[in-house]
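Number of protein chains: 2
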Amino acid sequence: MTTKCFDVVGIGNAIVDVLVQADDRFLGDHGLTKGTMALIDEQQAERLYASVGPGLETSGGSAANTLAGIAQLGGRAGFIGRVRDDQLGAIFSHDIRSVGAHFDTPAARSGPSTARCLILVTPDAQRTMCTYLGASVGLDPTDLDLTLVSQARLLYLEGYLWDSEEAKRAFLAAAEAIRATGGEVALSLSDAFCVERHRDSFLELVDGHVDLLFANEMEITALYRANSFEEAADQVRGRCKVAALTRSEQGSLILSGDTTIQVEPVVLGNLVDTTGAGDLYAAGFLYGYTRGEPLERCGQLGSLCAGAVVTQLGPRPQGSLKDLVASHLG
Amino acid sequence: MTTKCFDVVGIGNAIVDVLVQADDRFLGDHGLTKGTMALIDEQQAERLYASVGPGLETSGGSAANTLAGIAQLGGRAGFIGRVRDDQLGAIFSHDIRSVGAHFDTPAARSGPSTARCLILVTPDAQRTMCTYLGASVGLDPTDLDLTLVSQARLLYLEGYLWDSEEAKRAFLAAAEAIRATGGEVALSLSDAFCVERHRDSFLELVDGHVDLLFANEMEITALYRANSFEEAADQVRGRCKVAALTRSEQGSLILSGDTTIQVEPVVLGNLVDTTGAGDLYAAGFLYGYTRGEPLERCGQLGSLCAGAVVTQLGPRPQGSLKDLVASHLG
Chain L
1 MTTKCFDVVG IGNAIVDVLV QADDRFLGDH GLTKGTMALI DEQQAERLYA SVGPGLETSG
61 GSAANTLAGI AQLGGRAGFI GRVRDDQLGA IFSHDIRSVG AHFDTPAARS GPSTARCLIL
121 VTPDAQRTMC TYLGASVGLD PTDLDLTLVS QARLLYLEGY LWDSEEAKRA FLAAAEAIRA
181 TGGEVALSLS DAFCVERHRD SFLELVDGHV DLLFANEMEI TALYRANSFE EAADQVRGRC
241 KVAALTRSEQ GSLILSGDTT IQVEPVVLGN LVDTTGAGDL YAAGFLYGYT RGEPLERCGQ
301 LGSLCAGAVV TQLGPRPQGS LKDLVASHLG
Chain R
1001 MTTKCFDVVG IGNAIVDVLV QADDRFLGDH GLTKGTMALI DEQQAERLYA SVGPGLETSG
1061 GSAANTLAGI AQLGGRAGFI GRVRDDQLGA IFSHDIRSVG AHFDTPAARS GPSTARCLIL
1121 VTPDAQRTMC TYLGASVGLD PTDLDLTLVS QARLLYLEGY LWDSEEAKRA FLAAAEAIRA
1181 TGGEVALSLS DAFCVERHRD SFLELVDGHV DLLFANEMEI TALYRANSFE EAADQVRGRC
1241 KVAALTRSEQ GSLILSGDTT IQVEPVVLGN LVDTTGAGDL YAAGFLYGYT RGEPLERCGQ
1301 LGSLCAGAVV TQLGPRPQGS LKDLVASHLG
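Protein sequences, first through last, are from chains L and R.
Using my numbering, count along the first sequence one by one with no gaps and you end on 330.
Using my numbering, count along the second sequence one by one with no gaps and you end on 1330.
Possibly wrong hints are sitting among the right ones.
[Stated by the list, open to error] Listed next, the stretches of chain L that the computed footprint assigns to chain R, with coverage defined by at least 3 CB atoms under 8 Å from CB atoms of chain R:
{"hint": "1", "region": "54-65"}
{"hint": "2", "region": "85-94"}
{"hint": "3", "region": "313-323"}
Rather than coming from a laboratory, the hints here were simulated on the basis of the structure.
Think of the CB as a built atom: it goes at the ideal place given N, C-alpha and C, for glycine as much as any other residue.
If we strip away everything but chain L, and leave its shape as in the complex, we get:
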C-alpha cells in the first residue's frame, strides 16, 4: 500500500460564490426553487447578476469547501478542480491554499472564465444557487493528478461532477486509482435536482463504488424516489459502508451495517446563511473518520462544523475550526 500523505483528496467544481440577499418574491419571479442549485449559462448568469443587489464574493464549490474545512481542522487535504487564469481563479486558488490545502490543478489558459455561483440568501437564511460552471466543467482526466489521488486515504467527490461528461470520466479514473492503493471513496449527492438528473448513475455508484455516502433528506429521498426519509434510509442501509444523512435542525443519522447513530445538531448562534452547511458537515465527519474516530464522534465533528458555518455569511467558516473543536469536543 502506498504511503498516504493526504487524509482526503477531493475533486469538484472550482467556484467563486457571489452572495446576495434576496426575498422569496425574487425567487418566484425568476422561477427558482428555494434550497436547490440550478445550472445557468454565461448569458443567464450575466442577466441574473444584473438584477440582484450588491454581492459578497468568496471562494466556494461544494467539495472545495469540504477540503478547505478539513485543512482548517488540521487534516491533510488536497483539491483537484479547474479554474481559468483570471482574477476569480486567482481568488479561488489563494483561498484554498491559504488554509493549507494542496491545490495545483493547472488553470485553463483559454476558454470559459472561472465558475461562479450566484447564491441568493433569503431572510430565512436559506440559500438558493445558480451556477455558471465556466472553466470547471472542462476538468478532464488529463487534469487529474493521479499521484496526488493515490497518496490519499480517502477520495471525496461531489455529485455535481456528473453535470460534466469530462469530469465524470476524471472521477472514475480517480476512483480506480485510489482503490488500487487501498483507499476509500466518499460521495456527496450535492443537490436534489442533481440527483434527479443523474439518478441511475448515482444508484450504480452507491452500490458499486462508494464507501461513504453524504446526503441530505431531500437528496436521499430523491435518490430512491422514496415517500419518506425513513423509507429512503431503509433503502440505503447496507448499500455502502457508511451513509451519513443530514436533516438540518434534526441533526443527522449515520447508518453503518446494522448500526444507526442519531447525532444532534449544534447551535452556535443565530442562523444567518445555510450555505456550506452540508459541505462542512462532511469536512468534520471526514476529518474524524480519517483519524479513525468512532462514527458517533465523526458525526459530532460534522455537526459542530456545520453549526459554525451557518452563523455567518458564506460557505467557509471565518473563525478557527481547530479552536472550536478544542472548546466543544475537547
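Put chain R on the given structure of chain L with help from the hints.
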C-alpha cells in the same frame, strides 16, 4: 443655476476590497501601522496576498462607499472613478449600480488591473489597509463627466485622490464645474498618512475650495500638526462652512461658524469591523445635508449609518439603511 438631478456626486478610487483576518503580530511583521492605509505596488500586493488567509471580496473605495450609502438611503447619488474591464471591475460596477447610484465612467481597456485594497481586520475590529491603486490612479480630466458633476448639489471628494497627479487635476476641474452651477464641495481627509503626504495641498483646499470637511481625530490633528484634538478643532473652525470631526466611540463634533454640536455615537451591536465607518458617517451626513436637514440631524444620520456598518464585515451595510433610519430616527 442648473437643475440638480443628483444630491451628491463623488470622485474617488474605484476599489475592490479583500477582507482578511489578521493579528497584531502580522501587522508588526509586515511593518504596517494599525488603522491606517498604506499604498503598495502590484508586486507588493501579490506578495502580501500570498501571506494572508482566505479573503472575502467586496466593493470598496472610500468615496464609492459613501455614494453607495447615500443611494441606499434613497439619495440621488453618482460616482466617478476608474476600473479596468476585468472581473473585479465588473464586480465594482455592478455593486454600485445595484444600489441605485449612477456610475458610468468608462472602464480602462488596457493598463493596470482594477484597484484592490487588502484590508486586515484584527481581533479588536480595527482595519489596516494596503492599497494597490491599479487602474484607479489613471482617472484623469478626460474621464470626468462634467455634465454629471454640474447636475449635483454637492461634489464629494476623497483625500486619497491626491495620491495621483491626474486624479488631482480631475478634482480641481470638477470643483470649478460645480461652483459655476452654485453647488458645494465636500472633502474627506481619508487617512492620517495621506494627510502627511499632502498637508500643504489640503490646507490650501480647506481654506479656499471646501465647504464641508470630514475628518477623524487622527486626520484633523495631523492636518494642523496639533497637540490635541481640541487644538485641531480650534484651528479648523471658521475655515470652511462645516467641519464634521469623527471620534469613534466618542461620537462626532460638528463645527459651523460659532456653533459646536456634539453628536453621540450609535451602538447597534457588537463591533465586528470598523471598515467603512467614516465613509458611512459621511453618507448619512450628506444625505441629510442635501435634504436641508439641521446639522444635528445630519450628524445623527451619520452616526446611525456608521453604527450599522461596524457591526458587520465590509464597508457597505448589508441591511436596508432606509429601514434603519425609519426605525431609529423616524
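Here's how the hints hold up against the structure:
Chain R is given as covering the region 54-65 of chain L, and this holds because 6 residues of the stretch bring a CB closer than 8 Å to a CB of that chain, at least three being needed. Under the rule that three or more residues need a Cβ within less than 8 Å of chain R, the assignment of the region 85-94 of chain L holds, with 5 such residues. For the region 313-323 of chain L, the proposed coverage by chain R is satisfied: 4 residues have a C-beta within less than 8 Å of a C-beta in that chain, meeting the threshold of three.
Hint compliance for this structure: no hint is broken.
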